Amino acid sequence: MNHSVFVRYTLRSLAANRVRTAVTVVGIALATGLLAAVLVSVTSLRAALIAQSCASGGVWQAGFTYEDDETVDELRAATGEHLDRLALRRDLGAAVLSVESAEDNGTHLGVLSLPEEQAGTARSAGDDQYAVIPGPTVAEGRLPERAGEIALPTYLQGAELTAGPSEIAGVEAGAVSDGPLEMGSTVTLALGQRHDGTDPTHRWHSGASLMDGETLSDVGEPRAYTVVGFVETGYETGSAAFVCYDEPAATASGEVAGTAYFSTVGYESAGQIGDAITSAGVDSWSYNTTLLIYQSLDRGRAIIDSLAQIAAVLAVVIMVAAVSLISGAFTISISERTRQFGLLSSLGASRRQLRRTVLVEAGVLGLVGIPLGLALGVGGAAVAFAVTADGWTAMLRETTSVSLVVAPADLALAVGLSAVTLLASAFAPALRASRVSAVDAIRSSADIRPSRRLRRVFARRRTALDDLSADRRRPRGLAARLGGMPAFLARRTLAVSAGKQRVSVIALAVSVALLVTAGLVSDYLHGATGYIDTGTADLRVSLFAETDDDYLPVGNLVAQTNALAGRTEQIAGVSAASVTSQGSAAFHLDAAGVDGDALETFMQESPYGAYYLDASGYGSAHLVLLDDATWRALTESLGLSDAEKDPAELSCVVLNAASVTNDETYGTVRPFTGAADTIELLADPENMSADQWLGPADDGTFGLVTTDDDTMETVLAAPADELGMAAVAQVPVAAYAEGLGDASSFSADDLGANAPNVIMPARAVAASGANETVRQGMSSSTVYATLAPGADDAETLDALEEALEDVADYGSLGAYNLAELARQSRAMELTVNVFLYCFVAITLAISVANVFNTIASGLMLRTREFAALQSAGMGRRSFRRMIVAECSDVAVKGLVGGVALATLINYALFQAMSGSISTLVLEMPWGHVALAFAVVVAVLALSAGYALRRTHALNLVDALRSDVM
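Numbering follows the working numbering, in which position 372 of the sequence shown is assigned residue number 372; successive positions increment by one, without gaps.
In case anyone wonders, no lab produced these hints; they're calculated from the structure. This one's a predicted model, so the numbers in the text were calculated from it and none came from an experiment. All C-beta atoms in this analysis are idealised placements derived from N, C-alpha and C, irrespective of residue type, glycine included. One thing to keep in mind: the hints can contain errors.
Unchecked claim - Lysine to any residue pairs mimicking SDA-like chemistry, simulated, CA-CA at most 25 Å apart:
(1) Lys-645 <-> Asn-562
(2) Lys-645 <-> Asp-749
(3) Lys-645 <-> Glu-680
(4) Lys-893 <-> Val-323
(5) Lys-645 <-> Arg-632
(6) Lys-645 <-> Val-733
(7) Lys-645 <-> Ala-675
(8) Lys-645 <-> Ala-748
(9) Lys-645 <-> Thr-673
(10) Lys-893 <-> Val-316
(11) Lys-893 <-> Ile-905
(12) Lys-645 <-> Tyr-736
(13) Lys-893 <-> Arg-881
(14) Lys-645 <-> Phe-672
(15) Lys-645 <-> Asp-742
(16) Lys-893 <-> Phe-879
(17) Lys-893 <-> Trp-926
(18) Lys-645 <-> Thr-701
(19) Lys-645 <-> Ala-767
(20) Lys-645 <-> Leu-804
(21) Lys-645 <-> Gly-695
(22) Lys-893 <-> Val-937
Said to hold, decoys possible - Between beta-carbon pairs, the in silico distance windows are:
(23) Ser-350 <-> Ser-124: 52 to 58 Å
(24) Ser-350 <-> Gly-416: 26 to 32 Å
(25) Gly-790 <-> Ala-419: 53 to 59 Å
(26) Gly-927 <-> Ala-386: 28 to 34 Å
Please take these sequences and the hints and turn them into a complete structure.
This is the structure we're talking about:
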């Protein structure tokens, strides 16, 4: 038969079943759109992160120090055509400051040249708009342009460098200025090489901090420099000034060290870059790890792996949902056209031609759905990025915008995955269509052929009336006893059409799992951005002690906190104020109240080492004393009793949460079990030497500790229970709180990270026996202010800072704009919600299309069956009960399958996230399961109602007429 005949037949079939065709196209478009949106979004974010990293830190991938130009030549030879860009920075040496000048300005001033990019490299990466490594940021003036000019670090502006002895034995100061340093000043420097006093070959970076046992050698003649600018310095350059690249060497020997920074193309990993450096004879180097991670050359951070695994899990879930939707549509289409395929077969169509008919149908649907999906995905991603621009800027911590990057490879991958999904979905129905014979068309055997299960039931029957009771009036079986004849018929229908029922159950199971997945993604995404907690305050000013022992010499904490709060509330733009005072004190609680496993996890995962609490219950608490109003607000939000809310009654709230976030993973542990009703505040032990303190040893035991001079480890001098520390107060624990509630002016992020946080009312502490011990441990106070309506946060913060600058007993302060941080947090939350809601909307649409297509089409195929039942005397009520029974059976089985599938997805997402969240606990989101099931049942009911109306199933004459037509 002519191939065009089958094409025309396919097109007419699609046109005749417009609803199913439209639903299938929508399903294909949604799946393609979601895949395209995910791929395009990942590429866009990756490009933005790379751009942000290059703009702030340069395009260099690796760097190393060298002492001769031959090493750089060896690098060129080792990397060959892979070397893309190369910049060099010379280290001219360091000048040592006098003891007087070093007190405020550090012991050394290093001198580095500005980096200069070298010629003779490929420059093929297309990143010429960025420097290989950026020069320093100019705060005032300009960068040096010729020999004899220098740009000093900003902390030296206004300082005067004097002559005299330095902190290095036998070395006089080599940095002297002609007065307070300003633009145009002259500074005279005698530069030498810093190195280990016991190993002259081990040189220190000129801008590094003072090292134990270091010395300065090869000091050259003093040289005068003119100050042309002041610059901001960073961790990488340290305490360094900058000169032009061509500045002559200034050490006595004329030797100059340098640092080479370079980028490459064509390497597949950071390890290959390292191998090239080793081939150049270099044994020590550093990586630009952040950039390498974004370039997929280094997988150093677990969070990157987690995100990649989550993306992979979601891609698989999307493809499975698409296969379920499209395969179900084709299966129903084949069932509906059994007689047509049989007639084609009787007219001479081969199996190959019948199979090709279904595949052509898939191709036609794909030609419409896939381009539509690409447009939907790319357009949706563009809108999402435009709406969430501020959120991405807040997340990236830079003025970096995320623009849409549409890579052809992403579109090709989305098209390829969609095409594979479409072909996989159509393949099995195509095989089924190719097996339809002319006899099947005549007898419509596909509609009446019993399943294997039903044939086994028939084999066990002795007579045709075995399904009826002894009096032949009622059907047998549990379904009949529960729902009568309608339930019995529903059960028999499901047994006869087990294949069709299986398709419906799979569709419902996948839909439930897909909706649960959307809920799981919501939980994980909100957890990723929920770490910002600013409390209810808009502004924060921290005041720190400036005494020899770092304690506040405050006689009356209650009067002091009230005075600070009163002064703050008088400032224009402030509507309310609260004050906390922070310090530390030793304490003890019953060992049953300590979770030893949580302490072990903290010691293993946290960057702080051991927690300031051991399994015996001894520790050092970070005390937080509150003014009366703040204590009442906190206890009210925690739901405590009226007696516990009284700030005159001694009690405490213990924050039962400790962060174990480090450079690789994130997490929180609960160090307390809640079994201890009171804690004892303890006085410090007597006769502590200057090199001893209370804290945890390296094994976690709390007590009197010191540093071993040989191993530099923290070792235990005596455990806490042997120190005889006197109890100064028994403090009842009002609550163990995992958070501070929504009404607290301060947040848990403001408190200690490696010690238990114990919050108490200042008034009750002042009246207790612990007053003296607590007072001596106070080291800072923090003022929190809430803005009045319409007040400008920046102006009010300046006024608050100015008002508190001259407060007695405090030496320094730090001001923080919490309102700005809260705005960033809201922008980040909006960003997450936009992408989340887009994902939920698309997954919901796929789920609805899946259920609708399967249930509605399946019922519409049963027109003759419904007509026969009504002609046999089944009333409308019984008919509806039968349909409800069938749908209920499918729904229950779909729920069971959906829960099983959702459990697998949850476990896969848990495995992906546990690599970066070390304390994550695997839990089944039953709330999401219940909501998903409710949505699916509602869609199932609507689908069934639509199908029954379309087939006129409740009207015998219309049903027969519809079937004939």
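Hint check results:
{"no.": "1", "hint": "Lys-645 <-> Asn-562", "result": "holds, 18 Å"}
{"no.": "2", "hint": "Lys-645 <-> Asp-749", "result": "holds, 23 Å"}
{"no.": "3", "hint": "Lys-645 <-> Glu-680", "result": "holds, 20 Å"}
{"no.": "4", "hint": "Lys-893 <-> Val-323", "result": "holds, 19 Å"}
{"no.": "5", "hint": "Lys-645 <-> Arg-632", "result": "holds, 5 Å"}
{"no.": "6", "hint": "Lys-645 <-> Val-733", "result": "holds, 12 Å"}
{"no.": "7", "hint": "Lys-645 <-> Ala-675", "result": "holds, 21 Å"}
{"no.": "8", "hint": "Lys-645 <-> Ala-748", "result": "holds, 20 Å"}
{"no.": "9", "hint": "Lys-645 <-> Thr-673", "result": "holds, 23 Å"}
{"no.": "10", "hint": "Lys-893 <-> Val-316", "result": "holds, 23 Å"}
{"no.": "11", "hint": "Lys-893 <-> Ile-905", "result": "holds, 18 Å"}
{"no.": "12", "hint": "Lys-645 <-> Tyr-736", "result": "holds, 15 Å"}
{"no.": "13", "hint": "Lys-893 <-> Arg-881", "result": "holds, 18 Å"}
{"no.": "14", "hint": "Lys-645 <-> Phe-672", "result": "holds, 22 Å"}
{"no.": "15", "hint": "Lys-645 <-> Asp-742", "result": "holds, 17 Å"}
{"no.": "16", "hint": "Lys-893 <-> Phe-879", "result": "holds, 22 Å"}
{"no.": "17", "hint": "Lys-893 <-> Trp-926", "result": "holds, 17 Å"}
{"no.": "18", "hint": "Lys-645 <-> Thr-701", "result": "violated, 35 Å"}
{"no.": "19", "hint": "Lys-645 <-> Ala-767", "result": "holds, 16 Å"}
{"no.": "20", "hint": "Lys-645 <-> Leu-804", "result": "violated, 29 Å"}
{"no.": "21", "hint": "Lys-645 <-> Gly-695", "result": "violated, 32 Å"}
{"no.": "22", "hint": "Lys-893 <-> Val-937", "result": "holds, 12 Å"}
{"no.": "23", "hint": "Ser-350 <-> Ser-124: 52 to 58 Å", "result": "holds, 55 Å"}
{"no.": "24", "hint": "Ser-350 <-> Gly-416: 26 to 32 Å", "result": "holds, 30 Å"}
{"no.": "25", "hint": "Gly-790 <-> Ala-419: 53 to 59 Å", "result": "holds, 58 Å"}
{"no.": "26", "hint": "Gly-927 <-> Ala-386: 28 to 34 Å", "result": "holds, 33 Å"}
The structure is inconsistent with the numbered hints 18, 20 and 21, although it conforms to all the rest.
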